[in-house]
Amino acid sequence: MSRKGSLRTYVLTRLVLAIPTVLILLTMVFLLMRVAPGNPIQVALGGHLSQQEIDRRSAEAGYDKPILTQYVEYLGDVFTGNLGTTLTDHRTVTSIIVENGSATLELTIAAMLVALVVGLTIGILAGRFRDTPIDLGGRLFGIVVYAAPVFFVGYLLQLLFGSTLGWLPTSGRVGPVTEYELDTTTHLYLIDSLISGNFNAFEDTVLHLILPAVTLGLLVSGVLIRLVRVNLMQTMRGDYVEAARARGVRERRVVLEHAFRNALIPVVTVAGLQFAILLGGAILTEQTFNWPGLGSELVRYLNERDYIAVQGIITVFALAVVLVSLMIDLINAFIDPRVRY
Amino acid sequence: MAHMPKFAGIRRLGARIQEAKGAPRWILYVGIGIVVFFVILAIFAPLIAPYGFDQVTSDGVRFPKQAPPSSEHLFGTTVQSTDVLSRTIWGARTAIEVVVLSVIFSIAIGVPLGLFSGYVGGKLDRGLVLIMDALFAFPYLLLAIVVAFLLTDKLNDFFLSNLFGAGIVTAAVAITVVYIPQYFRVVRNHVISVREEPYVEAARALGAKRRTVIGRYIFYNVIQNVPALATLNAADAILTLAALGFLGYGIQPTEAAEWGYDISRAIDDVGAGIWWTGVFPGMAIVLLVTGFTLVGEGLNDVLNPLIRYRRIRKPKIPAEKVPAEQEASS
Chain A
1 MSRKGSLRTY
11 VLTRLVLAIP
21 TVLILLTMVF
31 LLMRVAPGNP
41 IQVALGGHLS
51 QQEIDRRSAE
61 AGYDKPILTQ
71 YVEYLGDVFT
81 GNLGTTLTDH
91 RTVTSIIVEN
101 GSATLELTIA
111 AMLVALVVGL
121 TIGILAGRFR
131 DTPIDLGGRL
141 FGIVVYAAPV
151 FFVGYLLQLL
161 FGSTLGWLPT
171 SGRVGPVTEY
181 ELDTTTHLYL
191 IDSLISGNFN
201 AFEDTVLHLI
211 LPAVTLGLLV
221 SGVLIRLVRV
231 NLMQTMRGDY
241 VEAARARGVR
251 ERRVVLEHAF
261 RNALIPVVTV
271 AGLQFAILLG
281 GAILTEQTFN
291 WPGLGSELVR
301 YLNERDYIAV
311 QGIITVFALA
321 VVLVSLMIDL
331 INAFIDPRVR
341 Y
Chain B
342 MAHMPKFAGI
352 RRLGARIQEA
362 KGAPRWILYV
372 GIGIVVFFVI
382 LAIFAPLIAP
392 YGFDQVTSDG
402 VRFPKQAPPS
412 SEHLFGTTVQ
422 STDVLSRTIW
432 GARTAIEVVV
442 LSVIFSIAIG
452 VPLGLFSGYV
462 GGKLDRGLVL
472 IMDALFAFPY
482 LLLAIVVAFL
492 LTDKLNDFFL
502 SNLFGAGIVT
512 AAVAITVVYI
522 PQYFRVVRNH
532 VISVREEPYV
542 EAARALGAKR
552 RTVIGRYIFY
562 NVIQNVPALA
572 TLNAADAILT
582 LAALGFLGYG
592 IQPTEAAEWG
602 YDISRAIDDV
612 GAGIWWTGVF
622 PGMAIVLLVT
632 GFTLVGEGLN
642 DVLNPLIRYR
652 RIRKPKIPAE
662 KVPAEQEASS
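Residue numbers (the numbering used here), protein chains in the order written: chain A, 1 to 341; chain B, 342 to 671.
Think of the hints as simulated: they come from the structure by calculation, not from any bench. We treat Cβ as the ideally placed atom computed from N, Cα and C, and that holds for glycine. A few of these clues could be false.
[Unchecked claim] Here are the simulated distance ranges between beta carbons:
hint, chain 1, residue 1, chain 2, residue 2, range
1, B, Met624, A, Pro176, 28 to 38 Å
2, A, Asp239, B, Leu415, 53 to 63 Å
3, B, Gly612, A, Thr27, 39 to 49 Å
4, A, Leu140, B, Leu415, 40 to 50 Å
5, A, Ala246, B, Val380, 46 to 56 Å
6, A, Val230, B, Gly548, 38 to 48 Å
7, B, Gly614, A, Pro176, 46 to 56 Å
Using the sequences provided together with the hints, build the complete structure.
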């Protein structure tokens with residue numbers, strides 16, 4: 001059905017289809033946060049303030065209104081980008097997302113790089129040299145990486161590189177000196193330190209980033225290895241690979257250009273599903289390394305029962321999931337014409 | 342269903358495993374071996390573990406704090422003076438209990454929902470698919486954390502809580518919420534594909550009730566995917582449980598030993614070079630997850646008709662050599 005303009009139709013259909021998903025996820029977040037008894041203000045501040053003060057603030061925040069009104073107001077707030085102010089430390093949720101979200105972003109991008117390098121290398125080698133010790137080693141590595149909880153991998157890396165060898169810091173995003181010196185404009189410390197020309201800060205940031213990024217990257221690489229290996233094995237059987245060989249194309253080129261490119265299509269598709277793994281892994285990695293990202297903020301606010309903050313952070317996570325799956329589908333539609341409607 | 346021979350499903354499963362050969366068979370056996378080992382640890386924890394999971398004294402003498410492995414404490418002791426070996430063994434009990442409960446819960450809810458939704462179809466089906474897909478798209482750990490957090494101290498009066506402890510049930514429910522969509526999806530899609538098969542059509546034409554058609558004709562066809570999915574989910578459930586414990590949700594430290602919680606405490610020991618408090622619980626997680634994964638992969642290889650090998654002698658057909666060897670050697 002590759003009619004003219006079908007790509008545009010696909011993009012539009014996909015965009016429209018994302019709307020109910022967003023609504024359902026937002027409804028879920030709303031319901032989850034309202035299952036808890038008592039209103040958020042009561043839960044967070046009960047005992048600290050007088051009951052009148054709590055009632056007054058609850059009324060001000062609209063928690064005395066019927067649940068349906070609250071729901072509509074919540075949706076309205078999300079669409080206008082107003083996610084409220086935390087109850088316990090009076091930060092706007094938007095500022096949490098900018099400051100801590102950037103930490104998470106920096107970590108996940110670095111982790112994805114590690115995952116791509118490790119996952120693609122091992123996956124290609126294992127798929128190319130099928131049923132050899134290389135393949136077996138690669139598969140075993142994949143299983144172990146899957147079976148080991150991400151925080152345990154992080155813990156082992158801390159023991160080895162932090163404690164025994166003493167090479168790398170195991171906690172935080174930067175050392176105290178950098179924390180004090182660095183001007184934060186983008187909140188991505190790698191970029192900030194380069195902009196301000198502060199190379200000590202850049203080095204400090206990189207050193208702090210290595211262990212968390214490797215930890216989270218290894219988690220994601222496990223899935224990648226598996227996918228790349230299986231898909232490469234399938235595409236290597238394709239006629240066009242045989243044809244390329246027959247034309248005398250070098251084996252290296254056959255594998256990396258002819259087979260690998262086609263093997264990559266399903267990998268991109270599944271990358272969307274991996275995003276959930278990446279987010280879950282990020283929460284745990286941040287907690288392991290004291291990384292001040294959205295995940296550790298979520299855990300902290302949950303423990304303080306600050307539902308406004310929790311609701312805001314979860315809303316952002318949910319929107320990110322929809323956005324990423326949308327992007328993945330669109331990228332796929334550009335790469336592979338068969339995907340389009 | 343009363344007319345079926347007893348344990349027909351289990352017998353058929355047994356026969357399939359007997360027929361398996363080569364790698365899938367060994368993968369399955371090694372996996373079963375590991376899982377059985379942990380199940381034994383879990384059941385006989387009180388007999389195998391030298392001390393209780395929160396025991397800090399023996400014969401009136403307090404255990405040393407953060408002592409390295411020794412003959413007294415094979416895996417050493419923690420900062421609270423508990424015995425790491427005992428906590429690791431008791432942790433197996435916690436893990437197995439939570440896994441069994443969560444797998445039972447999610448099958449009990451996900452499978453009937455999938456059967457019904459797939460068979461009835463229509464608006465109900467579309468609605469359920471939409472909700473389940475949304476649940477599925479949600480980062481699973483986030484969902485489990487929020488559910489576990491919201492349920493903390495809410496399940497004290499639930500009947501199973503008296504049997505297993507409220508924390509274990511809370512963790513199991515949190516994990517269940519994550520896995521229901523998977524069972525729903527697999528079962529529902531399978532139902533859709535067999536719903537219009539001639540034998541189902543025939544049963545309907547003979548005037549079978551909807552219950553009979555679903556319960557007898559469709560159920561047995563669809564249920565075959567569930568064992569492999571359940572064991573793979575069990576592997577995942579161990580990881581989710583450990584993650585919840587690591588973050589401090591679900592099981593309370595006073596209630597049972599939990600590997601993830603132990604590792605979270607062990608991270609504070611890293612600076613002092615103390616490795617035994619975290620390495621042993623971590624190894625237990627890795628081993629048990631590997632065990633369940635191997636069983637799941639093995640079952641999949643054995644049960645899935647598309648990829649299973651059987652021990653049936655291949656007929657010899659004289660044919661020209663396929664250039665497969667050439668490919669492998671190049």
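Evaluation of the provided hints:
One distance hint, 28 to 38 Å for the beta-carbon pair B:Met624 and A:Pro176, holds here, with the actual separation near 35 Å. In this structure the hint that A:Asp239 and B:Leu415 lie 53 to 63 Å apart at CB holds, the actual value being about 59 Å. At about 45 Å, the beta-carbon gap between B:Gly612 and A:Thr27 stays in the expected band of 39 to 49 Å. Distance hint for A:Leu140 and B:Leu415: a CB-CB separation of about 28 Å, inconsistent with the stated range 40 to 50 Å.
For the hinted restraint 46 to 56 Å between A:Ala246 and B:Val380, the CB-CB distance of approximately 55 Å keeps it satisfied. Against the hinted window of 38 to 48 Å, the Cβ-Cβ separation of A:Val230 and B:Gly548 comes to about 46 Å, which satisfies the hint. One distance hint, 46 to 56 Å for the beta-carbon pair B:Gly614 and A:Pro176, is violated here, with the actual separation near 23 Å.
Hint compliance for this structure: hints 4, 7 are not met, and every other hint is.
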